[in-house]
Each structure stands twice: as C-alpha cells, then as structure tokens.
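Enquirer: Sequence:
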Amino acid sequence: MNLSDSLLVEVSRGTMVESVHTCDAVVVNTSGDVIAAWGNPDREIYSRSSAKPLQGLPLVETGAADHFGYTEAEIAFACASHSSEEKHTATTAAILARIGLGEPNLECGAHRPYHEPTTDQMIKAGIEPNRMHNNCSGKHAGFLSTAVHMNEDPAGYIQYEHPVQRRITQTMSEMMDCDLTATSRGADGCGIPVLGMPLAALALGMARMADPSGLGDVRENATRCIVSAMASNPFMVAGTGRVDTVAMEAMGGRVTLKGGAEGVHIAIVPERGIGIALKAHCGQKRASELAILWVLQNLGILGDSAASQLTEWLNPPITNSLNNTVGTVGIREQRG
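Numbering-wise (numbering that gives the first Met the number 0), the sequence shown opens with residue 0 and increments by one.
Subject to a maximum C-alpha distance of 25 Å in a straight line, what follows is the list of computed SDA-like cross-link-like pairs (lysine to any residue):
1) K86 / T118
2) K284 / S307
3) K284 / T239
4) K86 / I126
Beta-carbon label-pair distances, calculated as ranges:
5) P316 / Y159: 39 to 45 Å
6) E151 / T180: 18 to 24 Å
7) N323 / V16: 15 to 21 Å
8) G62 / I317: 47 to 53 Å
Derived from the structure by calculation, the hints contain no laboratory data. Glycine included, C-beta positions come from ideal geometry on N, C-alpha and C.
Could you put together the complete structure from these sequences and hints?
Expert: Set out below in structure tokens:
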C-alpha cells in the first residue's frame with residue numbers, strides 16, 4: 000500500500016459526484032508496524048470518544064470495577080457513547096448508587112438522548128434531560144468509581160491535573176508509546192481533557208488491546224476484560240440502530256468498534272492482533288462510519304454475512320423528501 004494513497008468517500012447525486020470526504024486510516028500490529036495505510040498515518044488528531052476502551056483501563060486495573068461489583072455489561076458501558084435509552088440511564092443510576100454518589104456528582108453536561116423515541120417520550124411527559132442522559136455518563140460513572148475506590152476527592156475529576164485524568168493520560172501514553180503530556184490539548188464535548196496523538200499511535204493502542212500479550216498480568220487481564228465486555232454487550236456501547244452496535248452484532252463479537260466525534264473511528268481485531276484508526280477530515284460520521292467498515296471489508300475481516308447485514312452503512316442511499324433514492328455514497332482510493 001502506497002502511504003500517499005487517500006481514502007475518499009464520494010457522495011453522488013445523479014450523474015455527478017456532489018461532495019467528497021477525505022479520510023486518513025491506518026492498520027497497525029502490536030509492534031507498531033504499519034500493515035496498511037491510506038493518507039497520512041502520522042497526522043495528529045484528537046481521538047475523542049474512540050479512545051474510551053483505553054480510558055476504561057484504570058477502572059479495571061485499580062480494582063475499582065471488582066470492588067463495586069461491576070458486571071460485564073457495566074464495564075462495556077464505561078466505554079460507551081450511549082443513546083440514553085432506558086437501560087442506559089438505569090445503568091448509570093445503578094452504578095452511582097453503589098458508589099454512594101448521585102447525578103449531581105457527574106461533571107458532564109445534560110443533553111437530549113440520541114435515541115429519538117426516548118426523546119419524544121420525554122418531551123411528551125415534560126421531562127427535562129439530566130446529566131445521566133449525557134452519552135458519556137457511563138464513562139463518567141467509571142471515573143467516579145475509580146476516584147472513590149482510590150480514596151481520591153471525586154470533585155473536579157474532569158480536570159487535567161486530577162489523579163483520575165493523570166492516571167488515564169499515563170495509561171494511554173504507555174499503550175500508544177506516545178508521551179501525551181507533550182501533545183496538543185483541549186476539552187472534549189463531555190468536559191474531560193482531550194489529547195492530541197498521531198493517528199498511528201491510536202491504532203497501536205488498539206492493537207495492544209487486540210493482543211495484550213507481554214503487557215503484564217494486570218494490564219493484560221484488564222485489556223481482555225474490556226474488549227470481551229464490549230464485544231459481548233454491543234447495545235451498551237452505543238444503542239438501537241447505531242453502527243457500532245449493529246456491526247459488532249453482525250460480526251458476532253469478533254471485532255470491537257468505537258466511534259468518536261469529528262469523524263474518528265477505531266476497530267480492535269483480536270483474531271489478527273491489529274488495531275485500526277481512522278479520521279475523516281470533514282469530521283462527519285457519514286464518512287467515518289462507511290470508511291471503517293470499508294477498511295474491515297478490504298482487509299477480509301468483515302465477511303459476507305456481516306456485510307449483508309450492514310448494507311445500510313456500506314451502501315448508504317441518498318434519498319429525497321419523496322423517499323426516492325437519488326444518489327449513493329461510496330469509497331474510492333486515490334493514488335498519490
């Protein structure tokens with residue numbers, strides 16, 4: 000693969016390509032070797048919510064998950080960008096109750112559920128969303144669980160200097176072989192620090208989640224625990240009709256997927272011992288969701304059965320207000 004090749008998501012209407020989304024993507028093994036790449040694998044990005052499997056490691060490594068009796072589904076939920084369906088918010092509430100805290104202790108903001116039927120029901124009932132409806136509330140409950148278990152003041156846990164965030168930064172730096180204290184820094188949508196990293200470093204972190212051999216017993220066990228939990232509980236990772244949930248179900252848990260804001264997506268592939276990281280320059284999930292599935296298909300990982308169940312994402316139609324199909328979205332490799 001020529002590393003200058005670009006991955007283009009083309010949106011066609013009638014006989015013309017109407018818009019083009021350029022993506023960088025990279026496939027890495029546990030040694031950091033680049034197996035395949037499109038575009039620039041060294042481009043610095045913010046991983047956004049695609050990093051949640053890595054951010055969840057301290058919850059398990061510190062013993063907090065065991066101490067508070069986390070189920071496998073709850074461990075998956077700590078790595079979720081959920082749709083705030085009833086099961087999601089109930090899980091957040093249950094975790095907070097077990098650690099002796101409540102909704103006011105969450106330092107993420109409130110927003111309406113991504114799941115439209117749930118939002119509609121809330122509007123009809125006159126219910127305003129609270130912080131448990133934030134798509135990152137499972138992750139935040141995990142952060143609070145770790146702080147309480149480690150006898151740390153949970154207040155301010157979203158701040159970069161808080162022990163919770165310092166622990167996460169160190170863990171991610173180790174998994175990626177990248178010093179994240181020296182990269183770009185900002186604030187994520189849910190308020191926690193977001194750290195810059197090369198796209199290939201993110202893929203390396205996911206490769207080591209795919210095959211954690213040699214990371215030491217504690218980290219290896221924590222990594223296997225998280226990957227297994229996410230693969231076995233795809234609904235908890237996203238929700239009804241969401242691409243990560245549907246794709247993980249279609250692939251029978253062989254691949255773990257996690258999307259993030261601004262067109263970032265990762266895949267963890269234990270059967271190959273590889274990690275995949277992808278960034279759509281435009282920041283649109285229309286591009287990144289199709290592109291990550293295309294890469295899996297291109298590598299021979301997706302499989303015909305899963306592909307047939309994912310037609311809506313692999314060959315998304317462009318429709319008009321009459322519900323007529325008037326265009327298509329597809330992938331093209333542009334040679335450098």
